[in-house]
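Colleague: This is what each chain is made of:
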Amino acid sequence: MCTTCGCGGDGARIEGHHYGDHHHDHAHGHDHAHDGRTIQLELDILAKNNAYAAENRGFFADRGILALNLVSSPGSGKTALLVRTIEMLGGRLKSFVIEGDQQTSNDADRIRATGASAVQINTGKGCHLDAHMVGHALETLAPSEGSVVFIENVGNLVCPAAFDLGEAHKVAILSVTEGEDKPLKYPDMFAASDLVLLNKTDLLPHLDFDVAETIANARKVNPSVKALQVSARTGEGMEAWIGWLTAARGMALAGHPLGTAAE
Amino acid sequence: MHEMSICENILDVLKEQARAQNFGTVKRVSLEIGPLAGVEIEALKFGFDVVMRNSLADGAALDIIETQARATCLDCGASAAIAERYDPCQQCGSHNLKVTSGEEMRIKELEVN
Numbered sequence: 002m003c004t005t006c007g008c009g010g011d012g013a014r015i016e017g018h019h020y021g022d023h024h025h026d027h028a029h030g031h032d033h034a035h036d037g038r039t040i041q042l043e044l045d046i047l048a049k050n051n052a053y054a055a056e057n058r059g060f061f062a063d064r065g066i067l068a069l070n071l072v073s074s075p076g077s078g079k080t081a082l083l084v085r086t087i088e089m090l091g092g093r094l095k096s097f098v099i100e101g102d103q104q105t106s107n108d109a110d111r112i113r114a115t116g117a118s119a120v121q122i123n124t125g126k127g128c129h130l131d132a133h134m135v136g137h138a139l140e141t142l143a144p145s146e147g148s149v150v151f152i153e154n155v156g157n158l159v160c161p162a163a164f165d166l167g168e169a170h171k172v173a174i175l176s177v178t179e180g181e182d183k184p185l186k187y188p189d190m191f192a193a194s195d196l197v198l199l200n201k202t203d204l205l206p207h208l209d210f211d212v213a214e215t216i217a218n219a220r221k222v223n224p225s226v227k228a229l230q231v232s233a234r235t236g237e238g239m240e241a242w243i244g245w246l247t248a249a250r251g252m253a254l255a256g257h258p259l260g261t262a263a264e
Numbered sequence: 380m381h382e383m384s385i386c387e388n389i390l391d392v393l394k395e396q397a398r399a400q401n402f403g404t405v406k407r408v409s410l411e412i413g414p415l416a417g418v419e420i421e422a423l424k425f426g427f428d429v430v431m432r433n434s435l436a437d438g439a440a441l442d443i444i445e446t447q448a449r450a451t452c453l454d455c456g457a458s459a460a461i462a463e464r465y466d467p468c469q470q471c472g473s474h475n476l477k478v479t480s481g482e483e484m485r486i487k488e489l490e491v492n
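These protein sequence lines are chains A and B, in that order. For the first sequence, my numbering gives the first residue as 2, with consecutive numbering after it. For the second sequence, my numbering gives the first residue as 380, with consecutive numbering after it.
Think of the hints as simulated: they come from the structure by calculation, not from any bench. A quick note: this is a predicted structure, and the numbers were derived from the prediction, not measured. Note that beta-carbon positions come from the ideal geometry of N, C-alpha and C, so glycine has one too. Just so you know, not all the hints are guaranteed correct.
Unchecked claim - Within a straight-line C-alpha distance of at most 25 Å, the following computed SDA-like cross-link-like pairs (lysine to any residue) qualify: (1) B:LYS424 to B:THR446; (2) A:LYS126 to B:LEU390; (3) A:LYS227 to B:THR446; (4) A:LYS227 to B:ASN475; (5) A:LYS126 to A:SER145; (6) A:LYS227 to A:LEU196; (7) A:LYS49 to B:THR446; (8) B:LYS394 to A:ASN51.
As the list claims (entries may be wrong) - What follows is a list of derived Cβ distance ranges for each label pair: (9) A:GLY17 to B:LYS424: 34 to 42 Å; (10) B:ARG398 to A:ALA143: 29 to 37 Å; (11) B:GLN400 to A:ARG93: 46 to 54 Å; (12) B:GLN400 to A:GLY244: 48 to 56 Å; (13) A:THR178 to B:SER480: 49 to 57 Å; (14) A:ALA248 to B:ASN401: 48 to 56 Å; (15) A:SER225 to B:GLU395: 35 to 43 Å; (16) A:THR141 to B:ASP454: 41 to 49 Å; (17) A:THR141 to B:GLU395: 24 to 32 Å.
All chains should be modelled from the sequences, with the hints used to inform the complete structure.
Modeller: Take a look at the structure:
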């Protein structure tokens with residue numbers, strides 16, 4: 002069993018995290034001398050996840066780290082975009098990556114090839130990362146002060162919307178080979194995101210994809226969402242994304258000693 | 380399909396509450412779920428029975444109160460019920476809406492022994 006919080010590790014596997022014996026719950030036949038009673042709770046079902054998310058947020062704030070939660074459907078080019086982003090940030094800003102996938106460490110391997118540290122979380126049957134898994138991944142990853150932590154969520158436009166991981170922003174990545182109506186089909190994710198990256202724009206000449214309509218659809222569910230067009234392959238538009246990232250980092254550093262030092 | 384993990388979260392809360400409030404079994408769980416919470420009610424009911432099996436809430440009844448989603452228009456100020464996030468303002472047609480309710484996912488009440 003994990004010594005920090007008693008988690009049994011029966012499901013998700015986090016690289017570098019040590020599990021012991023599984024924790025089993027048995028239905029003991031305790032006799033309690035109470036009559037039936039009603040308890041008013043009014044408690045958020047995800048209160049536990051939200052408490053772990055708050056811990057992660059504190060971890061990031063203490064270290065002046067910008068944490069981003071990257072969400073998309075499978076195949077949107079998240080990992081390629083991340084590799085290009087890390088290369089562009091290069092010596093300017095140190096990047097750390099938490100990779101979420103149901104199986105394999107292929108994505109973490111791709112990230113490590115850039116020289117950045119990465120920890121792979123395999124969620125097993127799980128369809129999303131939760132704040133508890135991310136907290137453990139941070140113990141292994143040990144990101145340095147003033148760095149950027151990219152959390153690449155499981156490719157899924159539904160479930161990750163509900164789970165706060167302690168990030169500063171959710172960034173939704175949508176490729177132009179998907180439909181213009183995706184923001185309407187999966188409104189919760191686009192409502193929860195602060196930025197939409199429209200990826201693979203180098204393919205636009207070969208497609209009947211309407212960029213303006215897609216952005217208009219995203220704004221129907223989230224009037225204040227920002228949208229940028231990028232191609233991780235050609236690098237087109239990537240400077241604007243790096244600009245957004247740099248500004249977000251400035252926000253993350255506000256009030257932190259590193260923020261004043263950087264001025 | 381995160382309804383299963385939502386049920387696991389509910390079970391965690393029940394176990395914690397059983398310790399804190401000193402009860403042994405749960406007979407009924409009342410939830411309040413908003414239409415914009417991203418929860419499929421039928422899948423939640425199915426997951427609930429499966430996850431609660433052999434726990435302190437084995438066989439517990441599940442009541443789900445479905446709340447209404449409402450939004451305020453930031454352009455004209457009207458407040459109205461919405462069915463989907465992308466619904467326009469009924470008064471002026473604007474999409475510049477702020478959701479004011481409908482995202483709740485709460486355990487409202489427990490009946491315990």
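Colleague: Could you run down the list of hints and mark each one as holding or not?
Modeller: Structure-based check of each hint:
1. Under the criterion of a C-alpha separation no larger than 25 Å, the hint pairing LYS424 of chain B with THR446 of chain B is consistent with the structure, at around 17 Å.
2. As the CA atoms of LYS126 of chain A and LEU390 of chain B are separated by approximately 18 Å, the hinted pair is consistent with the 25 Å bound.
3. With a C-alpha separation of about 30 Å, the suggested pair LYS227 of chain A and THR446 of chain B falls outside the 25 Å cut-off, and the hint is violated.
4. Among the hinted pairs, LYS227 of chain A with ASN475 of chain B is consistent with the structure: their alpha-carbon atoms are about 14 Å apart, no more than 25 Å.
5. With a CA separation close to 31 Å, the supplied pair LYS126 of chain A and SER145 of chain A exceeds the 25 Å bound.
6. Proposed proximity of LYS227 of chain A and LEU196 of chain A is supported: the alpha carbons are some 5 Å apart, at most 25 Å.
7. For the proposed pair LYS49 of chain A and THR446 of chain B, the alpha carbon gap of about 22 Å is at most 25 Å, so the pair holds.
8. This hinted pair checks out: LYS394 of chain B and ASN51 of chain A have alpha carbons roughly 18 Å apart, not beyond 25 Å.
9. Evaluation of the 34 to 42 Å hint for GLY17 of chain A and LYS424 of chain B yields a pass: the beta carbon distance comes to about 38 Å.
10. The hinted range of 29 to 37 Å is satisfied by ARG398 of chain B and ALA143 of chain A, whose Cβ atoms lie roughly 33 Å apart.
11. Between GLN400 of chain B and ARG93 of chain A the C-beta distance comes to about 53 Å, which sits within the given range of 46 to 54 Å.
12. Remark: the range hint 48 to 56 Å for GLN400 of chain B to GLY244 of chain A is upheld by a beta-carbon distance near 52 Å.
13. Roughly 36 Å separates the CB atoms of THR178 of chain A and SER480 of chain B, a value that falls outside the hinted 49 to 57 Å.
14. The given range of 48 to 56 Å is respected by ALA248 of chain A and ASN401 of chain B, whose C-beta atoms sit roughly 51 Å from each other.
15. In this structure, SER225 of chain A and GLU395 of chain B meet the distance hint of 35 to 43 Å, their C-beta atoms being roughly 36 Å apart.
16. For THR141 of chain A and ASP454 of chain B, the Cβ-Cβ distance of about 48 Å falls inside the hinted range of 41 to 49 Å, so the restraint holds.
17. Checking the proposed 24 to 32 Å range against THR141 of chain A and GLU395 of chain B shows it holds: the Cβ atoms sit about 27 Å from each other.
Comparing the model with each earlier hint shows violations of hints 3, 5, 13; every other hint is respected.
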